[in-house]
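Engineer: For reference, the chains in residue letters:
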Amino acid sequence: MTATSARPVSRVGASRSRRHVLWHVGGLSLRFERRAAWTYAVLTLFVCGLGLFALTLGDYGVDVPQVVAALLGRADDPLAQYFVTDVRAPRIVAALLVGAALGVSGAIFQTISGNPLGSPDVIGFSTGAATGALVAIIVGGASPSGVAVGAVLGGIAAAAAVYLLAWRGGVAGFRLVLVGIGVAAALRAVNALLVVKAPLDAAQAAEQWLAGSLNGASWSKLSWLGAALLVLTPITVGLFRGLAMLPLGDELAGGLGVRVQRLRLLVVLVGVALVALATAAAGPVAFVALAAPHLVRRLTRTGGIALAGAALMGAALTLASDVIAQRIFAPTQLAVGVVTGSLGGCYLIVLLALEWRRHRG
Amino acid sequence: MTAPPAPSAPPASRHPASGPAVPSPGRRPGAVRLGVVLGMGAILAFVVLASLSVGSNPIPLGRAWTLLLHPDGSQASVVLHDLRVPRTVVGLVVGAALGVAGSLMQSLTRNPLADPGFLGVNAGAGLAVVLAVAVAGLTGVWFYLWFAFAGAAAASVAVYALGVAGRQSATPVRLALAGMAISAALSALTQTVILADKTAFNEFRFWVVGSLEGRGWSVLAATGPFIAIGGLLALLLGPALNALALGDETGRALGVRVTRTRALTMIAVTLLCGAATAAVGPLTFVGLAVPLTARALVGTDQRWIAVACLVLGPAWLLAADVLARVVVAPEEVQVGIVSALAGAPFFVALVRRHKVAQL
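Top line first, the protein sequences correspond to chains A and B. Sequential numbering from 1 applies to the first sequence in my numbering. Sequential numbering from 1 applies to the second sequence in my numbering.
Hints in this document: simulated from the structure, not taken from any laboratory. Treat the hints with care, as some may be off.
[What the hints assert, rightly or not] Away from chain B, derived, C-beta distances all over 10 angstroms, residues of chain A:
(1) Leu22
(2) Thr39
(3) Leu43
(4) Phe46
(5) Val87
(6) Gly140
(7) Ala160
(8) Phe174
(9) Val237
(10) Gly255
(11) Gly257
(12) Arg259
(13) Val339
(14) Leu352
[Said to hold, decoys possible] Sample of chain A residues at the chain B side, in silico, Cβ under 8 angstroms:
(15) Ala157
(16) Leu178
(17) Gly182
(18) Ala203
(19) Gln208
(20) Cys346
(21) Leu354
We treat Cβ as the ideally placed atom computed from N, Cα and C, and that holds for glycine.
With the sequences and hints as input, model every part of the structure.
Structural biologist: Pasting the structure below:
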């Protein structure tokens, strides 16, 4: 900051230091870290490139010029037009939105629980969603949409139970984690009981749903997901400033003007809404919420929370996983959640191993 | 996670009760601790007796005692000596192992979300069991034991290598991330196999909930030695872990060799949790809740927590096992399900009432 104040103030300009870049236009200024900016740019390029590549993939071959033509609505081949805009594009958009929602909710829950292992499961959401889905499948024999409704209701009920049980004139991060452990354990036992007592076929159908899948994504199904995210995104951005102060501790954040309890409740509501939307759209896709914030933090080498980075990383991870899940054993399709687990896990292993070599060198 | 827990001063210099003006949640007078541990011991004794007597073939306590000392070849005597006693002893040993492993794990990673399977033990064991069924076509408790043990050992060595190697010492967060990454990759593989192979799924769904059914002397003989070594290591590590709870720098200044202590702790956790998981399946909640409960009751001194876990772990597991035999008698529910379903409300009530010192 000292470097910038020494310069003559111009209305439009940019200042640079070794780590930071500062742009200012009139009264507004934008400051970002160079490495973070590069990371985000590369991630965005990766997502766009992969999305374009994914549009060409499938049993019906379409090359890149045709894809571009189809996207502009001017493809000569009506079948190519149909596959690109009505089959592949919605699936890709679904993967991106689901991944981004999971990444942001993961970053949110890691911040409010003050725990690097935090994920929507801190508040019992994922386990509760599984319970709802298992009840719908095994007891009710429900249709896919019924299963999604059951999962979302189960998840929200579990989250409400954890929040209320952790409430004692306010919710502290550590107590939230402990109560979450207890409630999630009880629900996990219920899930195990349902799976053990169910007939084998129903149990395996449930297991299939629990792995998560983006099969059957369509524009009509996506529209409400997109609409909900349009509402949630500005709210999340508005909460960011307060959220960034929570790790300072409740007293200090309160002293800086953050209304801690109100903020924590709002943030939990947003986080639960995000993960509920993702679960309704694709089932419980594993590991994205847990890993995306860590991956982006390790790539940018910054501490703190990066919601935009987590969203980008979540989207990239989910899209890459879905492409692999579709094509690796084609025509057999894997569940996307299985691939996110192995891909995300392996990627994190590589990052940790590289860091280790750098420290040794 | 950053706030270190209130240190317990060494016993020689501790002022009982009349210490600081605001008592920190981590501090408990010695008499209270002793009372708590003795109380838990009494509960454990009661649960052991119940475990010998309760079941689909109930044996009154007095008769059970007589038969225990003088087996007479009657049906009750056979049930007692061939089924109840070995099952109870396995429950005692496994419960103690899981409780102590959990307390070490939480102390090592300073994270209450880290169950003892966190070093990849459960994920590795699960994958090995699934592969045993799907690839080698082997089923049965005895095969699962060895496959699970091998898988657990392999996975935790991998986590150890990733988390520790090449650096001065592994930070808790790094260890947690390494465990998380490897567990995720292994469980994804497990899931792929069970989605494709129905037999493997059917065996896995029963193995993964954890059960004491049909575990006898042979299981104990195979896993007992590992648990004994791990337990001994855990008790010896107490003072060093206490010092490390103050932070690496302070710990080092107090004469603790940080890297060695962490490595030994991980070995102890792997031995205890790997052997316990091999014996009865992954009982994660016992390993999570027992040490946290012990922490709420006896305070933050790792030595007392280890002792309390030695008593509370078996009591928790055997109580769940007794319940598992009676709730839907004459059938049984798996002990893993009961231990979480019955234990979770108790656990939630406890953490609501007591202020548990942060790890």
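Engineer: With reference to the structure, classify each hint as holding or not holding.
Structural biologist: Verification of the hints:
Every CB of chain B is more than 10 angstroms from the CB of A/Leu22 (nearest about 30 angstroms), matching its label as outside the interface. The beta carbon of A/Thr39 sits about 18 angstroms from the closest Cβ of chain B, which is more than 10 angstroms, so the claim that it is off the interface holds. Residue-level check passed: A/Leu43 sits 19 angstroms from the nearest beta carbon of chain B, beyond 10 angstroms. Distance check for A/Phe46 against chain B: the nearest CB is about 20 angstroms away, which clears 10 angstroms, and the non-interface claim stands.
Distance to chain B confirms A/Val87 as a non-interface residue, since its nearest Cβ pair spans about 24 angstroms, more than 10 angstroms. In this structure A/Gly140 is separated from chain B by more than 10 angstroms, as the shortest Cβ-Cβ distance comes to about 20 angstroms. Against the 10 angstroms criterion, A/Ala160 stays outside the reach of chain B, whose nearest CB is about 14 angstroms from its own CB. Some Cβ of chain B comes within 10 angstroms of the Cβ of A/Phe174; the nearest lies about 5 angstroms off, and the non-interface call is violated.
Its beta-carbon lying about 27 angstroms from the closest one in chain B, A/Val237 satisfies the requirement of being farther than 10 angstroms from that chain. The claim that A/Gly255 is not at the interface with chain B holds, since no C-beta of that chain comes within 10 angstroms of its own (minimum 17 angstroms). Distance check for A/Gly257 against chain B: the nearest CB is about 22 angstroms away, which clears 10 angstroms, and the non-interface claim stands. For A/Arg259, the non-interface assignment is confirmed: its Cβ lies about 23 angstroms from the closest Cβ of chain B, beyond the 10 angstroms cut-off.
Once the 10 angstroms rule is applied to beta carbons, A/Val339 is inconsistent with being away from chain B; the minimum gap is 7 angstroms. With a least beta-carbon separation of about 6 angstroms from chain B, A/Leu352 fails to lie farther than 10 angstroms from that chain, contradicting its non-interface assignment. Checking A/Ala157 against chain B by beta carbon gives a least distance of about 15 angstroms; that is not within 8 angstroms, so the hint is violated. This hint holds: A/Leu178 has a C-beta 4 angstroms from the nearest C-beta of chain B, less than the 8 angstroms allowed.
Because the smallest distance between the Cβ of A/Gly182 and any Cβ of chain B comes to about 4 angstroms, under 8 angstroms, the interface hint for this residue holds. Evaluation of the A/Ala203 hint against chain B yields a held restraint, the C-beta minimum of about 6 angstroms falling below 8 angstroms. The criterion of a C-beta within 8 angstroms of any C-beta in chain B is met by A/Gln208, whose closest approach is roughly 6 angstroms, and the hint holds. Taking 8 angstroms as the C-beta contact cut-off toward chain B, the hint placing A/Cys346 at the interface holds, the least distance being around 6 angstroms.
Using the Cβ-Cβ criterion of 8 angstroms, the hint placing A/Leu354 at the interface with chain B is not satisfied: the shortest such distance is roughly 11 angstroms.
Figure legend: structure checked against the earlier numbered hints; hints not met, in rising order: 8, 13, 14, 15 and 21.
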